[in-house]
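Here are the chains, one letter per residue:
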Amino acid sequence: MPEIIVCLKQIYDPAQIRIDPSSKRPVTEGAARKISDFDRNALEEALRIKEKHGGKVVALIGGTKDAAKEALAMGADEAFIYQYDEKTDHLGTASILSGFIRTIKYDLILCGEASVDEYSFQTGPRLAQALGIPVLAYARKVELRDSDIIVERELENRYEVSKAGLPALVTVTKDINQPRIPTLLQILGASKKKITEISPVKPEVGAETLDIIAIEMKRKGIMVKSIEELAGVILSEKQRG
Amino acid sequence: MILVFSDDNETALGILGKGREIADSVKSEVGVISFGNGGEDAFFAYGADRIYSIDSQPFADRVVEVISNLNEQYRPEMILIGGTKLGKEVAARIAQRLGAGCVTDCIDFSIEGGHMAFKRLVLGGRFLAALRLLRKPQIATIPPGRFEKKAGKTARGEKIIIPFTPAGSKIQVMEIKKKAPQELNIEEADIIVSVGRGIKNKEDIGLIKSLADTLGGAVGCSRSIAADLKWLPEEHWVGLSGHRVKPRLYIAIGISGQVQHIAGIRDAKTIIAINNDPNAPIFKACDYGIVGDLYEIVPGLIEILKKQV
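The listed protein sequences derive, respectively, from chains S and B. Residues in the first sequence are numbered from 0 upward in steps of one, following numbering that gives the first Met the number 0. Residues in the second sequence are numbered from 0 upward in steps of one, following numbering that gives the first Met the number 0.
Some clues are possibly wrong.
Claimed, not checked - Mimicking SDA-like on lysine to any residue, the simulated pairs with C-alpha atoms at most 25 Å apart in a straight line are: (1) S:K224 with B:V290; (2) B:K169 with S:D145; (3) B:K118 with S:A213.
Just so you know, these hints were derived from the structure itself, not from any lab.
Let the hints inform the model, and build the full structure from the sequences given.
Structure below.
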């Protein structure tokens with residue numbers, strides 16, 4: 000029965016991050032934290048695989064106990080949390096994750112294809128590379144068959160159905176499923192499940208953020224008065240090619 | 000040396016132009032990695048000093064292997080990779096293998112304090128981050144279409160054939176299904192007609208679809224239509240947590256324009272907004288806007304456009 004690890008990242012909801020009026024830097028204070036959207040799809044997919052094949056789902060979370068409780072309420076069997084600071088880049092994250100994963104047994108690792116705050120698409124492929132296991136990125140369908148994973152990957156102009164032997168890592172897209180919302184009973188039940196804090200390590204980093212500054216969106220903002228005028232704009236924009 | 004690779008030739012040519020510029024400013028050279036045959040001489044015309052030619056398909060495992068080996072042999076300062084889906088995967092894997100950092104979707108470069116700063120959009124595209132890569136090689140992916148290709152000197156450079164015997168991959172491709180042109184692929188769509196909470200009934204999406212069909216575009220929607228009301232499947236959801244799109248023309252109908260939605264359409268070339276609320280935030284984020292009832296405007300548009308398109 001498959002042992003599945005799901006990697007989840009807790010982020011500040013980017014839509015709630017404010018811009019400091021004088022420095023133009025991001026202000027996270029007051030912004031809600033949440034599990035990044037596609038990571039939630041990864042957890043949902045792991046739970047569906049478990050419902051079909053049995054086994055165990057372990058949530059590995061960069062974030063707080065609140066995020067762990069949410070993953071457990073959705074149905075994960077056990078959660079491990081680790082803290083990371085803002086200096087941790089993708090090299091650092093991959094080394095924290097792979098260092099821990101090497102100490103436990105697993106068949107399949109699921110990640111979201113990217114986090115919605117950064118959209119870097121790095122963690123899944125890096126983690127697979129660090130562990131020396133195959134990676135199947137951008138999955139919109141996943142099927143476990145004996146000791147193989149079969150995945151339909153969405154690429155620019157085609158879908159690719161690929162197969163790899165386990166253990167393997169799969170990153171999933173938003174379209175793969177609709178994540179479940181836990182019931183009150185599940186939320187209460189989750190308090191009995193185990194959350195373990197992974198002792199902090201100071202990872203190596205390969206990238207340093209020098210600055211983050213808000214940018215102005217430059218749009219024309221021209222108001223038109225009639226449908227005819229609007230149709231004219233649409234036609235000229237369409238023909239511009 | 001600056002090494003350039005993309006599995007998409009046009010993207011490789013665009014990056015070459017930028018790579019040439021950087022190389023000239025630091026008196027370095029540009030090498031390009033070419034998988035498969037054909038069209039290689041264009042790389043010389045667009046700025047390459049050297050071509051590393053591999054007679055193989057650019058499968059991810061092979062690209063990782065080849066670029067890691069080239070790094071071992073030539074120790075490039077920088078590796079710039081076309082940010083296709085394959086490009087993003089291999090860039091991350093190569094960086095991990097080499098113990099290096101990597102900047103995804105780098106849109107600009109600048110020299111700051113004697114170091115190269117790599118710029119990228121973060122936090123819903125509302126912020127520009129500047130990053131420094133601390134180790135060699137400095138690896139970044141560049142979004143397709145970001146830089147224009149520039150014809151350079153016509154001198155033919157050096158072409159080096161890289162012998163390559165593929166190791167057995169752990170991944171077996173069983174089937175490739177081409178996407179049909181009319182199939183919804185909102186992230187690649189050229190024209191998107193998108194709908195929000197301004198419509199009153201699920202059936203009225205037919206009206207939006209009819210306008211999209213008239214223009215040969217795809218149908219998109221806001222969060223509430225996909226996630227809350229479920230009037231359209233999530234493939235249509237445009238926004239930070241849905242799909243980020245980059246059409247030439249984006250028409251937002253009855254969409255108020257929450258931060259989350261605007262972040263998803265940041266890369267649209269032209270945004271047109273139709274909304275009955277003159278204070279809707281979408282009007283601050285559009286190129287052209289009209290205040291009015293979508294139930295009058297959309298049918299009117301379809302009638303006019305049908306005669307013209």
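Quick rundown of the hints versus the structure:
1. S:K224 with B:V290: It holds: about 8 Å lies between the C-alpha atoms, which stays within 25 Å.
2. B:K169 with S:D145: 16 Å, holds
3. B:K118 with S:A213: Distance ~13 Å between K118 (chain B) and A213 (chain S) Cα, so the pair holds.
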